[in-house]
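Engineer: Sequence:
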Amino acid sequence: MKKAIVLLSGGLDSTTTLYYALDKGYDCQALIFDYGQRHRREIKSAKTVARHTKVPFHVLRIKLPWKGSSLLDKAKKVPTKGVGKVIPSTYVPGRNIIFLSFALSFAESHDAEAIFIGAHTVDYSGYPDCRPEFFRAFQQVINKGTKVSDRVKIIAPLLKMNKAQIIKLGRKLGAPLDQTWSCYQGGVKPCGVCDSCRIRERGLQGAN
0 MKKAIVLLSG GLDSTTTLYY ALDKGYDCQA LIFDYGQRHR REIKSAKTVA RHTKVPFHVL
60 RIKLPWKGSS LLDKAKKVPT KGVGKVIPST YVPGRNIIFL SFALSFAESH DAEAIFIGAH
120 TVDYSGYPDC RPEFFRAFQQ VINKGTKVSD RVKIIAPLLK MNKAQIIKLG RKLGAPLDQT
180 WSCYQGGVKP CGVCDSCRIR ERGLQGAN
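The sequence shown begins at 0 in numbering that gives the first Met the number 0 and counts up one residue at a time.
Read the hints as simulated data drawn from the structure, not as lab findings.
Watch out, some of these pointers could steer you wrong.
[Stated by the list, open to error] Heads up, simulated BS3-like pairs for lysine-lysine below, C-alpha to C-alpha not over 25 Å straight-line: (1) K143 to K1; (2) K171 to K53; (3) K73 to K188; (4) K167 to K46; (5) K171 to K159; (6) K46 to K188; (7) K159 to K23; (8) K167 to K43; (9) K167 to K188; (10) K43 to K188; (11) K53 to K1; (12) K23 to K167; (13) K2 to K152; (14) K1 to K23; (15) K75 to K62; (16) K43 to K73; (17) K171 to K46; (18) K62 to K76.
All values derive from a computational prediction rather than experimental measurement.
Input sequences plus hints: build the corresponding full structure.
Structural biologist: So, in structure tokens, the structure goes:
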């Protein structure tokens, strides 16, 4: 079977992406990051989803002591006014570069052919590392900077989908979307007002 590394955060997007990869016949391993995020509750959901699929998972603990994001610095407030045109404070500098670099090392050492990531651009929070041109550029990094050359592919199957379409796909694939977590606040229950909660709610309404 083709091997794949799936970045699994425990949210709607990464959970649907994991089920998409499995549906495409990949032998998957999940990579979960504990990077000091205030919403560490998502890690629990990621583990639950991985266990549900019986996919081996690895929790990688890293530190970003310079912070630079309201997801890492509790002194900063998480935005609650909805997604605008300005990159929000929840953007974590270099996060997808860091995550994909670890996933690439894992894939290269594990003879995997693909790295799956659940990024999308239609109704996201404006993060620059979720754009198609970013993934094309990182693919060039893989092609030019590793011994596997162009063997490992970055696959972002949700890239051009909106949240409602992602939810519909997840349901079609049988993903346990009720076990996922989206809230940025990191409380016991979703806050319902942060950007991520708003996007999730809009998607659920769109998907009926």
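Engineer: Holds or violated: K167 and K43, Cα atoms, limit 25 Å.
Structural biologist: It holds: about 23 Å lies between the C-alpha atoms, which stays within 25 Å.
Engineer: Check whether the Cα positions of K171 and K53 lie no farther apart than 25 Å.
Structural biologist: 19 Å, holds
Engineer: Going straight from one Cα to the other, do K171 and K46 come out at no more than 25 Å?
Structural biologist: 21 Å, holds
Engineer: Is K159 within 25 Å of K23, Cα to Cα?
Structural biologist: 18 Å, holds
Engineer: Please work out if K167 and K46 have their alpha carbons no farther apart than 25 Å.
Structural biologist: Given pair K167, K46 holds - Cα atoms ~22 Å apart, limit 25 Å.
Engineer: Compare the distance between the alpha carbons of K46 and K188 with 25 Å, and conclude whether the hinted pair is satisfied.
Structural biologist: 18 Å, holds
Engineer: Within 25 Å, alpha carbon to alpha carbon, are K2 and K152?
Structural biologist: Distance of about 11 Å is within 25 Å: holds.
Engineer: K73 and K188: Cα distance at most 25 Å?
Structural biologist: 18 Å, holds
Engineer: For the pair supplied as a hint, K62 and K76, confirm whether the alpha-carbon distance does not exceed 25 Å.
Structural biologist: With Cα atoms ~20 Å apart, K62 and K76 stay inside 25 Å; holds.
Engineer: Checking one constraint from the list: CA of K143 to CA of K1, max 25 Å. Satisfied?
Structural biologist: Holds, because 22 Å separates the two Cα atoms, which is no more than 25 Å.
Engineer: Going straight from one Cα to the other, do K43 and K188 come out at no more than 25 Å?
Structural biologist: Measuring from Cα to Cα gives roughly 13 Å; hence the hint holds.
Engineer: Quickly compare the C-alpha distance for K75 and K62 to 25 Å and report which way the hint goes.
Structural biologist: 18 Å, holds
The structure is consistent with each of the numbered hints, conforming to all of them.
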